[in-house]
Amino acid sequence: MLDSSDVDLVRRAQAGDVNAIGELYDRHQAHVFRYVWWRVHDHRSAEDLTGEIFARMVASLPDYRPTGVPFRAWLYRIAHNLVVDYYRKESGHALVSLDQVAGLSEEEDNPAAIAEHHLTVEQVQRALAGLDPSQREVVVLRFVVGLPLREVALTLGKTVVAVKSSQHRGLMALRAALKQEQT
Amino acid sequence: MRQPEELLQERLERLEAGKPLEACLAGLPEDEADLLKLAAGLCEVHYPTPDSAVVTAQRAALLRQATKEEKAMRAQSSLQMEQRPARSRPGWLLPLTAISGAIACLLICVLVTVMGVGVAWWSLQSPDEARLARGPVSEPTSESTSAVPNPQSAVLTDVRGLVEVQARAGTWAAASTGQSVVAGQRVRTGALSSVRLAFYDGSQVQAGPNTEASVDELDAHLSGRTRTVVLTQWSGETDHTVTSAGNANSRYEVRTPTATGAAKGTAFHVSVLSSLLTRFSVDEGSLAVTNLDATVVVKAGQATTVHTDEAPDEPAFRITGEGEVTQSGATWIIAGQTFLADDSTIIIGNPQVGDWVSVEARLLADGTYLADRIMLLHRTPANRFTITGRVDAIGETAWTVAGQAIAVNDETSIEDGIEDGDLVSVEGVILESGTLLAGHIRLVEEEPGLPFDFVGVVQDMAGEAWTISGITVTVNAGTEIDEGLVNGDVVQVRGWILDDGSWLARSIERVEEEEREFAFTGSVESIAPWVVAGIPFETDEWTQVEAGIRVGEQVRVKGRILEDGTWVADEIVRLDDDDEGWHFVFVGTVDSQNPWVVSGVSLVVDDETVVEGNVSVGDLVRVEITILPDGTWRVTRITPVGETGLGCLYFSAVVVGVRDGQIELLNWPPIPLDDDVQVVGEVTVDSIVLILVCVDEDGTVTIVSIIVIYPPGPAGLTPTPPTSPLPTPTPPTSPLPTPTPPTSPLPTPTMTPVRPTPPPPTEEPPPPPTEEPPPSGEEEKVTVCHKPNSKNPHTITISRSALQAHLDHGDTIGPCR
Chain A
1 MLDSSDVDLV RRAQAGDVNA IGELYDRHQA HVFRYVWWRV HDHRSAEDLT GEIFARMVAS
61 LPDYRPTGVP FRAWLYRIAH NLVVDYYRKE SGHALVSLDQ VAGLSEEEDN PAAIAEHHLT
121 VEQVQRALAG LDPSQREVVV LRFVVGLPLR EVALTLGKTV VAVKSSQHRG LMALRAALKQ
181 EQT
Chain B
184 MRQPEELLQE RLERLEAGKP LEACLAGLPE DEADLLKLAA GLCEVHYPTP DSAVVTAQRA
244 ALLRQATKEE KAMRAQSSLQ MEQRPARSRP GWLLPLTAIS GAIACLLICV LVTVMGVGVA
304 WWSLQSPDEA RLARGPVSEP TSESTSAVPN PQSAVLTDVR GLVEVQARAG TWAAASTGQS
364 VVAGQRVRTG ALSSVRLAFY DGSQVQAGPN TEASVDELDA HLSGRTRTVV LTQWSGETDH
424 TVTSAGNANS RYEVRTPTAT GAAKGTAFHV SVLSSLLTRF SVDEGSLAVT NLDATVVVKA
484 GQATTVHTDE APDEPAFRIT GEGEVTQSGA TWIIAGQTFL ADDSTIIIGN PQVGDWVSVE
544 ARLLADGTYL ADRIMLLHRT PANRFTITGR VDAIGETAWT VAGQAIAVND ETSIEDGIED
604 GDLVSVEGVI LESGTLLAGH IRLVEEEPGL PFDFVGVVQD MAGEAWTISG ITVTVNAGTE
664 IDEGLVNGDV VQVRGWILDD GSWLARSIER VEEEEREFAF TGSVESIAPW VVAGIPFETD
724 EWTQVEAGIR VGEQVRVKGR ILEDGTWVAD EIVRLDDDDE GWHFVFVGTV DSQNPWVVSG
784 VSLVVDDETV VEGNVSVGDL VRVEITILPD GTWRVTRITP VGETGLGCLY FSAVVVGVRD
844 GQIELLNWPP IPLDDDVQVV GEVTVDSIVL ILVCVDEDGT VTIVSIIVIY PPGPAGLTPT
904 PPTSPLPTPT PPTSPLPTPT PPTSPLPTPT MTPVRPTPPP PTEEPPPPPT EEPPPSGEEE
964 KVTVCHKPNS KNPHTITISR SALQAHLDHG DTIGPCR
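Top to bottom, those sequences are chains A and B. Each residue of the first sequence is one higher than the one before, counting from 1 in the working numbering. Each residue of the second sequence is one higher than the one before, counting from 184 in the working numbering.
So that you can see chain A by itself, here it is in the shape it has in the complex (with noise of 0.2 Å):
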């Protein structure tokens, strides 16, 4: 079968199609997930804020037009700005701590998974803390959740150039974060 571009499954959700909006969900809602994981840090109101963006993105699909911003960067507008929400609302909230993450993920208790040269979880998402929150972001969005530079622009509202300092930036900070670590 063919896969579908996610502009065919948006112009066929657009012409009301609910499987499009399926499939749109399969596609995205693992890296969604992910990306408000790293933002919130905690699994139960990623997993809400996740549904959170998936409705709003049904709700606002009539009013996107696949020939502007690429869908991905539309969505992760929809991502950034809801967070940015549930911060504003939760100011105040409690950070979770970093023992709440471990467990997560099966892989973290797993010492055959932390191997030399592989990270963890809970080393990246250490590391990450000490970012600068811009880049942090750039960082997540650029090698978490895996979008191109110039989507990681589009879904910032920053230029190509900027997002490509903050990225070499990042990577930098992180990679004496994660050094300081090990020492």
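Quick caveat, the hints were computed from the structure, so don't treat them as lab data. Hints are not guaranteed to be accurate.
Stated by the list, open to error - Straight-line Cα separation of at most 30 Å, DSSO-like style, residue types lysine-lysine; simulated pairs:
| hint | chain 1 | residue 1 | chain 2 | residue 2 |
| --- | --- | --- | --- | --- |
| 1 | A | Lys-158 | B | Lys-741 |
| 2 | A | Lys-158 | B | Lys-202 |
| 3 | A | Lys-179 | B | Lys-741 |
| 4 | B | Lys-202 | B | Lys-220 |
| 5 | B | Lys-220 | A | Lys-158 |
| 6 | A | Lys-179 | B | Lys-202 |
Fit chain B to the supplied structure of chain A, relying on the hints for placement.
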């Protein structure tokens, strides 16, 4: 020299393209190689995933939401075309003139009696099926089901936008959801606003934008007791869902400047199109409309209009929908269908060929469609133009802007204070004659010079000449400067490069250090090395330089400032030859490519014209033109524009046969019932169905759905009695018009009608009481076993005149056994 971030990005792209990490690392400096490994490692991390049960539940909820919204959208954009939901029915936006008190004197003589006979039929269906089949009727929201305290009150629900209630004393006050109104009060809505009134007996009325109605009498007892609801609709549009009263003396009346309606269990729509014209359309049940002692019966799927001092027009099957205008004038073609327009047709928004409009029309006895209303929904991008330039001349009917004659008329919006020589922006439409007709003319703020924008480090803040990253910028009293700036701060500077070459700062703002970028425009002074507007900068292998730039040309430069203060350009592009900023942009259809002609406009396309994509004759394209000082046009860019279909229309029609997997409609070719056609409700002979037909740009006709909106049977032909003190209705003067086939490009009728005419409407005045047997003189009924297919025979009652047609397709006389 390439910057590290560029190098890293380039290798990341290779990695993302699937090249092995080792290959991507080759030749990288150690630092960048480490970063690339780290990036690759981040991609390999096993990240947490949501709980699978949550995903399943979330997906299901999403599909439910999507289904619900899809239904709502469908209802809004199609079936509820008669109901004007705010989002899809710009009809709500109509600023209908408020009715003067004197016009109230015209409130006479028309009686609309609405039968609740459809209700019983609907109630026989399963709830879901009934709800689906009831598509045209707006469903109350949970908000609207809130309890009404007593029969003498109505509760406002679903308050949207500006809704006001007028007390008996005449003062208006903003209303809110849950507020009660009683007899003697008025309710009105503003633009983009709507409200629903819920009555004690469950009946509801939704008022659209710019609607005003008063509650005259209100005693809405539940079924079994006499229900009295009398409203006057002064303007706008209302949708009524009236519960079956079950009491012959009950009244549900809607008065308008030209009509009064009375209902007993139905769904109908009232549009006060003007102070002299009202339109009634029916979604469920039937209506007997009387004016000047003349009565017409309007059935589901039909509409009638009532002019002041005239008998109601003969009810006719209605056609509604949206589509592109391909012809206008006395005859309109909308969504591929032909409509006649006469003096009574209301045309709103001055739609032109290519524009997208909604249309409400009726099928006349001669088979033509007469448009009641054609309303502009949105302008087409085609044949639209914008032009920016100086005003050369101002006239009553024509202006000259940038050397171009621009027609103006009463609908042209012109900003105050425009004089000769001002720089203006003109938007408008290119008429078929080629005339440029202005819709809006606005002043354009003139800037003192070419704009610049860069981020740099403050080096010297002495006096009015600051030095920022080596650039001297002038600051004056008008310059907005962040407080507390000190040397060493990174700032964003925006301003203009003046004619004397100086850089005047409009604003200087502190920014995060990472955003050291710049953008400015100026004249190329040197290319090797690059100097533009006095600014030297470097390029690297990533710099995109438009080909053919020469010294002396105007260019726009974008780039970044490195930590050592070096300016590196990312992009250098030539500016258009538009010293005065004179542009002309329009969208049209390519008539010819050699030479180029777009929408009748001849274009000079040369080597410098950028033609994007594959453009062919017939394509819709956006044309960007620069008007040179000598008045000639230089086409700078031609870009394809996406297109949409011609539109979709709804036709009401009578089913005359259902057999062999296809539906036969009167004077239509058979419609095959395949999986692509959505059928809602049970389609039987004599059903009235609503057919959604969409026409693509290439003329392809698609029948999207067939929805039963009116069931067959004798009950459907029995009107409710008129309510005192309204005049005695009289029979319509002619039988129901015979539907005729739609015109090209809809399917050409090739079939011979199974029956010569549709089932006749009520030909007798509505006799009291409701739901009693038909009056004497009505056509005799015959019970037959109807066999639309071999698996589903069922008993129906038909008019005797239809008997032969049923026997012809296999039905048998008598009930099914």
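These are the hints, each one checked on the structure:
Note on Lys-158 of chain A and Lys-741 of chain B: the hinted pairing holds, with a Cα-Cα distance of about 14 Å set against a maximum of 30 Å. This hinted pair checks out: Lys-158 of chain A and Lys-202 of chain B have alpha carbons roughly 28 Å apart, not beyond 30 Å. Proximity of Lys-179 of chain A to Lys-741 of chain B is assessed by CA-CA distance (about 37 Å); at most 30 Å being required, the pair is judged violated. Note on Lys-202 of chain B and Lys-220 of chain B: the hinted pairing holds, with a Cα-Cα distance of about 13 Å set against a maximum of 30 Å.
At most 30 Å may separate the alpha-carbon atoms for a hinted pair to count; Lys-220 of chain B and Lys-158 of chain A meet this at roughly 25 Å. For the suggested pair Lys-179 of chain A and Lys-202 of chain B, the alpha carbons sit about 27 Å apart, so the restraint of at most 30 Å is met.
The structure shown violates just one earlier hint, number 3.
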